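So the sequences go chain by chain: A and B. So the first sequence is numbered by full-length UniProt numbering: it starts at 1 and just counts up by one. So the second sequence is numbered by full-length UniProt numbering: it starts at 1 and just counts up by one.
Hints should not be assumed to be uniformly reliable.
Identical copies carry no separate label here, and so any pair may be met within one copy or between two of them.
[Said to hold, decoys possible] In silico lysine-lysine, BS3-like type, Cα no more than 30 Å apart, as pairs: (1) K294 <-> K85; (2) K338 <-> K85; (3) K298 <-> K338; (4) K119 <-> K85; (5) K338 <-> K326.
Calculated from the structure, these hints are not laboratory results. Keep in mind that this is a model prediction, so the values were computed, not measured.
Number of protein chains: 2
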Amino acid sequence: MFKTKLLIGTVLLAASLGTMAAEWQALPGKAPEPADNPTTPAKVELGKMLYHDTRLSANGVLSCNSCHNVMNGGEDNRSGSIGVKDQRGGRSAPTVWNSAFNSVQFWDGRAPSLEAQAKGPVTNPIEMGMKSWDDVVARLKAMPGYQAAFTAAFGPDSISADNAAKAIAAYERTLITPNSPYDKYVGGDKSALTEQQARGMQTFADVGCVSCHSGPAFNGPTLPEGTGFYQKFPANDNGALEAMYNFSADLGRQAETKNAADAHLFKVPTLRNIALTAPYFHNGKVQNLEDAVKIMAKLQLNKDLTAEQSADIVAFLNGLTGEFPKIEMPRLPAYANKAFPAE
Amino acid sequence: MFKTKLLIGTVLLAASLGTMAAEWQALPGKAPEPADNPTTPAKVELGKMLYHDTRLSANGVLSCNSCHNVMNGGEDNRSGSIGVKDQRGGRSAPTVWNSAFNSVQFWDGRAPSLEAQAKGPVTNPIEMGMKSWDDVVARLKAMPGYQAAFTAAFGPDSISADNAAKAIAAYERTLITPNSPYDKYVGGDKSALTEQQARGMQTFADVGCVSCHSGPAFNGPTLPEGTGFYQKFPANDNGALEAMYNFSADLGRQAETKNAADAHLFKVPTLRNIALTAPYFHNGKVQNLEDAVKIMAKLQLNKDLTAEQSADIVAFLNGLTGEFPKIEMPRLPAYANKAFPAE
Ligand code: HEC
Ligand code: HEC
Ligand code: HEC
Ligand code: HEC
Ligand SMILES: [Ca+2]
Ligand SMILES: [Ca+2]
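All chains, please: the whole structure from these sequences, using the hints.
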């Protein structure tokens with residue numbers, strides 16, 4: 001199963017190398033939805049409440065938004081996220097913006113859908129630290145406001161881990177950022193990118209970035225949900241860069257599958273809003289975008305970019321910052337006249 | 001100076017005891033503004049950004065909103081707030097909703113205005129833990145988006161602690177909740193309160209709550225900003241309650257003024273939205289509203305309420321939950337292509 005996925009990725013990569021440059025795609029205005037969880041306003045509203053509610057974490061300090069802040073780039077701009085009790089995680093939080101366009105979730109793609117992903121962090125001991133989803137469900141059931149919001153989204157008596165995850169995923173599917181300068185340019189407005197940005201776009205294609213970062217989200221070809229597009233990182237050995245950034249310490253997909261063929265395979269991440277999501281890479285060790293671009297060229301394509309080339313590509317990548325939808329803060333339900341139980 | 005304030009409080013208390021019951025006041029639709037900081041849309045927008053920006057705390061995890069969550073009751077529903085590095089504070093966070101109607105800030109009234117208050121938590125080592133406001137200003141200056149927002153609010157090159165505090169205070173002055181059932185009732189809509197709530201309102205006046213919790217915000221008479229309305233708490237000794245709740249451990253205003261006459265003086269807090277702000281009192285030791293009401297009657301008025309009386313008062317207090325304005329999430333500026341400096 002995992003092998004098949006890898007093969008799909010590899011085949012597509014080979015096929016795409018020559019043709020991709022012509023296939024610039026704008027970001028759709030709507031994210032794909034799975035058949036068993038159509039997006040509805042009531043689900044989105046509930047999902048927004050859950051996503052922003054710190055009471056889904058053990059000590060009530062962290063919400064999803066703590067590590068994936070939708071008020072800016074959709075992550076926390078850290079190398080390792082800070083979980084409950086100030087614990088540090090080993091991977092950098094990816095942006096939640098446009099995660100709806102990922103065919104798999106996490107750096108190693110171990111979650112096949114947003115729904116599957118959403119159940120993880122809540123009970124992860126170094127993230128939100130709840131002992132179990134039963135405990136989360138008990139907390140939610142104690143709040144009449146959540147009873148009502150679940151009823152509106154899923155019918156009466158529907159508070160459950162599965163429905164919470166469905167609602168969060170529905171909210172995430174609204175977190176998309178179309179209409180970047182790049183999208184306008186591709187749509188025909190040739191003034192939307194500066195001259196340097198347009199040049200950078202061409203360079204991005206010419207040097208081969210687009211062989212991996214293709215498709216509307218620059219995270220590879222559009223694949224069915226659950227099917228990942230993985231690549232080896234670093235693809236080329238480089239002692240100096242390894243000494244500086246330690247990229248190979250993380251086994252990537254192999255840590256999940258225990259399959260040697262999966263060593264250092266990572267999902268190709270989106271480049272949308274990349275200017276807002278420093279630091280870069282799975283371990284967040286690279287502080288700025290220009291370094292990240294040079295490192296990619298060296299490690300993935302074995303190329304040394306000129307100063308002009310890397311500056312142009314950075315300028316282009318800045319043109320991938322989209323329009324962020326206005327989001328009204330949710331009203332979060334109260335325990336009826338009672339304090340938060342986790343003291 | 002502090003003595004004068006105390007006297008003002010005491011005089012007004014005596015004067016008000018007989019007449020207050022007739023003076024039910026609705027919450028104004030607009031909060032008072034100091035002459036040197038008129039509220040403008042640009043200040044409010046900037047203040048909202050700062051209020052919700054976790055990068056105003058040392059480790060980038062906490063914002064004002066962490067302890068004063070405007071998505072619910074405006075506080076954190078804890079006895080002691082959780083600051084940076086999981087440190088616990090000794091007092092419970094009061095609600096930020098309608099704090100614009102407090103003539104002084106903090107349980108002991110030690111800040112004379114919202115502007116003065118707003119500078120405190122950022123550099124408080126157990127709250128947001130920044131070493132200095134200079135460090136905060138340096139962080140803000142590194143973000144072009146903040147340069148622009150300060151310019152819009154205060155003119156060019158205006159990033160400073162004072163202006164940050166002014167902007168936060170301007171935002172807080174928009175955090176008001178008029179049109180509660182009580183306000184509608186007082187405005188003439190006699191169906192806005194239930195029969196029990198209307199009875200509770202009368203009981204609230206008759207037993208004497210209103211001698212302290214008077215005025216539109218139920219936090220005492222309307223006084224000039226900087227002039228506090230303080231009361232002794234507990235006003236009457238009670239060994240059993242003291243053993244349970246330890247209210248006397250906190251010296252209140254005396255800890256600030258070092259004046260023995262200020263021992264155990266606390267600002268009379270607002271009762272607006274009180275159903276959403278459990279636990280209760282300066283140390284947050286009381287978990288539910290009914291207990292809080294009985295304790296107040298016993299300790300402040302030396303009265304034992306009947307079960308009916310306390311239930312009626314609780315019902316009335318539930319009628320003080322107002323209408324919460326819709327708030328759009330701010331867009332928070334990014335460091336240009338760079339990671340958050342506090343790693
Ligand atoms: C303490 C920090 C933290 C919290 C809280 C947190 N996350 Fe994450 N999130 C991460 C990290 C770190 C990763 C990457 C982990 C990995 O790839 O192994 C991640 C990955 C993800 C991804 C995958 C994105 C991608 O491109 O692969 C999504 C979606 C996501 N989180 C959503 C959520 C939701 C929804 C919540 C709340 C229910 C949440 N996160 C809570 C840190 C956090
Ligand atoms: C052979 C595949 C491949 C090629 C070619 C490639 N990338 Fe990547 N890119 C990846 C993978 C896989 C990652 C994730 C690596 C990791 O952090 O584990 C990545 C990560 C990135 C990141 C960091 C994303 C983040 O959120 O941290 C940037 C920026 C980036 N690539 C830009 C480029 C540019 C620019 C080029 C061309 C110069 C390029 N890539 C070429 C596969 C590739
Ligand atoms: C770690 C928790 C925490 C953080 C962060 C925090 N506060 Fe507070 N806040 C408190 C506590 C606790 C008190 C009461 C302290 C006291 O009275 O001695 C308080 C008091 C206040 C008051 C006085 C309200 C009243 O009725 O007296 C206001 C207003 C306020 N905070 C606003 C803010 C703003 C603005 C920020 C951010 C700049 C902020 N707080 C950050 C915990 C916090
Ligand atoms: C003599 C003055 C006085 C009287 C009379 C009084 N209160 Fe209070 N009230 C206070 C003070 C002072 C506090 C803050 C005490 C503290 O926590 O330090 C307070 C706190 C409260 C609180 C908790 C507020 C919070 O946010 O935690 C409630 C609820 C309350 N009062 C309700 C009542 C009711 C109901 C009555 C009548 C039965 C009443 N009060 C009578 C002075 C008074
Ligand atoms: Ca990042
Ligand atoms: Ca409280």
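Evaluated hints:
{"no.": "1", "hint": "K294 <-> K85", "in the structure": "neither (36 Å within a copy, 36 Å between copies)"}
{"no.": "2", "hint": "K338 <-> K85", "in the structure": "both (24 Å within a copy, 26 Å between copies)"}
{"no.": "3", "hint": "K298 <-> K338", "in the structure": "between (58 Å within a copy, 21 Å between copies)"}
{"no.": "4", "hint": "K119 <-> K85", "in the structure": "both (20 Å within a copy, 26 Å between copies)"}
{"no.": "5", "hint": "K338 <-> K326", "in the structure": "between (32 Å within a copy, 24 Å between copies)"}
Taken one by one, the earlier hints fail for this structure only at number 1.
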